[in-house]
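Trainee: The lines below spell out each chain.
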Amino acid sequence: MAEEIRFLFYTMLHPYNGFDSVKYEGKGSVKTAVLVALLFFLQNVISAAGSGFLFTYGDPDKISVPNIFIISIGTLVFWIASNWAIDSLMDAEGKVREIIIVTTYSLMPYIIFSLANTIISNFATNELRPFMNMLSVVGMAWSVFILFVGMYQIHQLTFGGTVGMLLLTVFGMAVMIFILVLLYSLYQQVYIFLYTLFSEIMFRM
Amino acid sequence: MSRLKRATVLPLVLLMLLLPCKAALADEAPYRSYTYDRFHNAVPSPNGYLPGDQLFGSDLGVGDLNNPNDLFVDKERNELYIVDTGNKRIVVVDEHYRLIRVITEFDNDGEAVTLNIPMGIFVDKDGTMYITDQAEQGDGRVIVSDKDLKVKHIFGKPQSDLITENFHYKPSKIVVDRYGKIYIQATDVTQGLFCLTPDGTFLNYFGSNKVEMDARKLILQLWRKLLPREASQSIINFIPIEYSNIYIDDTGFIYATAAASTTYEYQVMSLNPLGSDVLRWRRLDWFEGSNFKDIYVDEYGFITAVDQTRGKVFQVEPDEGTMMFTFGGIGNMAGLFTRPVAIEGFNGKILVLDSEKRAITEFELTTFGKAVREAQVLYMEGKYIESIEPWLEVVKRNSNYLFAYVGLGKAYYQLEDYQTAMKYFKLGYNKEHYSEALREYSLIAMRSNFGYIVLGIGILIALIVVTRMLKRKRVSIKLGGAV
Chain A
0 MAEEIRFLFY TMLHPYNGFD SVKYEGKGSV KTAVLVALLF FLQNVISAAG SGFLFTYGDP
60 DKISVPNIFI ISIGTLVFWI ASNWAIDSLM DAEGKVREII IVTTYSLMPY IIFSLANTII
120 SNFATNELRP FMNMLSVVGM AWSVFILFVG MYQIHQLTFG GTVGMLLLTV FGMAVMIFIL
180 VLLYSLYQQV YIFLYTLFSE IMFRM
Chain B
0 MSRLKRATVL PLVLLMLLLP CKAALADEAP YRSYTYDRFH NAVPSPNGYL PGDQLFGSDL
60 GVGDLNNPND LFVDKERNEL YIVDTGNKRI VVVDEHYRLI RVITEFDNDG EAVTLNIPMG
120 IFVDKDGTMY ITDQAEQGDG RVIVSDKDLK VKHIFGKPQS DLITENFHYK PSKIVVDRYG
180 KIYIQATDVT QGLFCLTPDG TFLNYFGSNK VEMDARKLIL QLWRKLLPRE ASQSIINFIP
240 IEYSNIYIDD TGFIYATAAA STTYEYQVMS LNPLGSDVLR WRRLDWFEGS NFKDIYVDEY
300 GFITAVDQTR GKVFQVEPDE GTMMFTFGGI GNMAGLFTRP VAIEGFNGKI LVLDSEKRAI
360 TEFELTTFGK AVREAQVLYM EGKYIESIEP WLEVVKRNSN YLFAYVGLGK AYYQLEDYQT
420 AMKYFKLGYN KEHYSEALRE YSLIAMRSNF GYIVLGIGIL IALIVVTRML KRKRVSIKLG
480 GAV
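Protein sequences appear in the order of chains A and B.
Going letter by letter, the first sequence gives residues 0 to 204 in numbering that gives the first Met the number 0.
Going letter by letter, the second sequence gives residues 0 to 482 in numbering that gives the first Met the number 0.
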């Protein structure tokens, strides 16, 4: 386990080598990936509930942990599923295991910087605000960069191909959400139809 | 024996039934007051104003009022003027609402001038009366008369190139500043207020409003540019919002309300001598959908405005526009209105004139209201420390009154008790001031613990150096072993 966590931090600083060994040496594990995903969820909860007064927006009474769970983990699941689907369509070389590992491992900088921000926000005055904004931008940029490198390594695409793939993944996520909403409303319609049918028959009998 | 018992018990029971009722009635108002919490949810609050007497024309001894339209308080002589439009007269009463006189006609060098449709009145410091008088047919006029009802001037429709020949002049509300300049709000005028010199010549339009733009209007304007002239003329014109009422305060600032503003951004205005709006606070979401009919500003600058759509009266403080109190509503009970048209402050009370009820309703400050005002006045004068006690009193009665916490925070900030200040700024949800208090607090904390901080950093550096040295030693030992 300690080895895996060391590898997690290794991928943060050496994404090319790190994700290359994910693909060809079987390094990294889904177990650690799940752990990182849970950490991501936890970080979202902490920054929603534990930020300093100056950096909290909205009503703290309205923070809902299940909601945060659905949004954070749901986004990851959608991303992974969509990326896998695009992967198959584009004939890229990534496997599910690799997609899961790259996606979650690349969240590490974001998680660390956000946690740091949350801790600082409890002592910071308004003057520190630009510095904190910079921190969160750095964290996000770092994460996106690692994600890009990881995707580039596991799918073995060209630079342009990887960019296209990431855009298509986002588009795929939108399509998936659209279909889910459609199914949900259709499900209601079908349910109502069956219910009326049932009650009609019951009236005739 | 039993009859005697019954005879004593029955009145007692009746008395018991009556007493709590009466006590309850004295406290209750037919409306519920509210303030806003930090996330702009309306939360209940104690009443700041409670309805007092309802005065009908018969109470003043002049018979029923008929469609009254304006109230004016002459502060010099402490008299109240009621413009009784339907009866073509102006009723003047003193501070105890005893009738002083009824004005129906003026003397213009032996010729009697009667009122047609009086809509508004203004009385200046030496008692000169300015009365707007509309006509059923044709143009209205402004009658200027001295206090003995001798007509000084009669101003008809202002003459200017800016005013077209077929314009129908209907002057409604009027104020006069201390230099004698006359400002007239007229119905169906969207260019602003008429500004006249003391001798009645037209100067300019004062305080012209802007057109409120929104997406729909922008698209229409684009069409108007694209279409040929004949077609574009069929598209509706956009006109600036029109004023609904004006008020001049003791310092000479003109306050105005706008009729039917759709974006609620320019519903209440404060015009400087150049005619531009200088109210610093904007976008009060609780004003949305309101149609303000009249405005009153008291000696401390508290702004009270009456909204005809909801029948509500809002009082806000002048600095940030925080809503202090709200009262009234639509209805027939005392304290509610069917068609409020005018509002004035008289002897520390708020008077609201209802043209359909034909009555003036008095509103008096409650203990809570007095505490809020006292604290707010001290706060505005910068006497934060003196305001601690009244603010605590306010918080005791209404823990949702956010502004009280800001006031308390400022007081403790001034006392250099930054921790308490932070607590109150947090309760008042004022991040800006909280940040300032926090900076002072962390500065003090850092100064008083400077020794420990230096010590901690020193130990940290020492630890790092020692571990480095140990590591190097181990490496060199390892290397030595290998070699």
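It is worth saying that the hints were derived from the structure and are not from the lab.
These numbers were taken from a predicted model, which means no experiment stands behind them.
Just to be clear, a hint being listed does not mean it is correct.
To be verified - No more than 25 Å apart at the CA atoms, straight line, and that leaves these computed lysine to any residue pairs for SDA-like:
1. K470/B / L7/A
2. K430/B / A48/A
3. K430/B / T55/A
4. K216/B / C194/B
5. K422/B / N121/A
6. K395/B / K94/A
7. K61/A / N397/B
8. K74/B / L459/B
9. K156/B / D187/B
10. K470/B / N121/A
11. K94/A / T55/A
12. K124/B / F252/B
13. K422/B / A1/A
14. K61/A / K156/B
15. K425/B / G57/A
16. K425/B / E3/A
17. K470/B / F52/A
18. K61/A / K422/B
19. K311/B / K124/B
20. K470/B / G51/A
21. K422/B / L459/B
22. K470/B / K94/A
23. K425/B / A48/A
24. K470/B / L459/B
Trainee: Compare the structure with each hint and give your call.
Mentor: Verification of the supplied hints:
Using a Cα cut-off of 25 Å, the hinted pair K470/B and L7/A holds, with the two alpha carbons roughly 24 Å apart. With a CA separation close to 17 Å, the supplied pair K430/B and A48/A stays within the 25 Å bound. Restraint check: the Cα-Cα separation between K430/B and T55/A comes to about 10 Å, which is no more than 25 Å; the hinted pair holds. In summary, the hint linking K216/B to C194/B is not supported, as the alpha carbons are separated by about 30 Å, beyond the 25 Å threshold.
Straight-line distance between C-alpha atoms of K422/B and N121/A comes to about 14 Å, which keeps the hinted pair within the 25 Å bound. Restraint check for K395/B and K94/A: not satisfied, since their Cα atoms lie roughly 65 Å apart, outside the 25 Å limit. A hinted pair counts as satisfied when its Cα atoms are at most 25 Å apart, and K61/A with N397/B qualifies at roughly 23 Å. Distance restraint check for K74/B and L459/B: the Cα-Cα separation of roughly 73 Å exceeds the 25 Å cut-off, and the hinted pair is therefore not satisfied.
About 14 Å separates the Cα atoms of K156/B and D187/B, which keeps this hinted pair within 25 Å; it holds. A threshold of 25 Å between alpha carbons decides the hint, and for K470/B with N121/A the separation of about 36 Å lies outside it, so the pair is violated. Restraint check for K94/A and T55/A: not satisfied, since their Cα atoms lie roughly 40 Å apart, outside the 25 Å limit. Taking the CA atoms of K124/B and F252/B, the gap is near 16 Å; set against the 25 Å cutoff, the hint holds.
For the hint pairing K422/B with A1/A, the CA-to-CA distance comes to about 44 Å; that exceeds 25 Å, so the pair is violated. Between K61/A and K156/B the CA atoms are separated by roughly 60 Å; this puts the pair beyond 25 Å, and the hint is violated. With a C-alpha separation of about 14 Å, the suggested pair K425/B and G57/A falls inside the 25 Å cut-off, and the hint holds. The suggested pairing of K425/B with E3/A is violated, with an alpha-carbon distance near 44 Å, which exceeds 25 Å.
With a C-alpha separation of about 43 Å, the suggested pair K470/B and F52/A falls outside the 25 Å cut-off, and the hint is violated. Taking the CA atoms of K61/A and K422/B, the gap is near 22 Å; set against the 25 Å cutoff, the hint holds. Restraint check for K311/B and K124/B: the C-alpha separation of about 31 Å exceeds 25 Å, so the hint is violated. For the proposed pair K470/B and G51/A, the alpha carbon gap of about 39 Å is over 25 Å, so the pair is violated.
Distance restraint check for K422/B and L459/B: the Cα-Cα separation of roughly 33 Å exceeds the 25 Å cut-off, and the hinted pair is therefore not satisfied. About 41 Å separates the Cα atoms of K470/B and K94/A, which puts this hinted pair outside 25 Å; it is violated. A threshold of 25 Å between alpha carbons decides the hint, and for K425/B with A48/A the separation of about 16 Å falls inside it, so the pair holds. With a C-alpha separation of about 17 Å, the suggested pair K470/B and L459/B falls inside the 25 Å cut-off, and the hint holds.
Checked against the numbered hints above, the structure breaks hints 4, 6, 8, 10, 11, 13, 14, 16, 17, 19, 20, 21, 22 and satisfies the rest.
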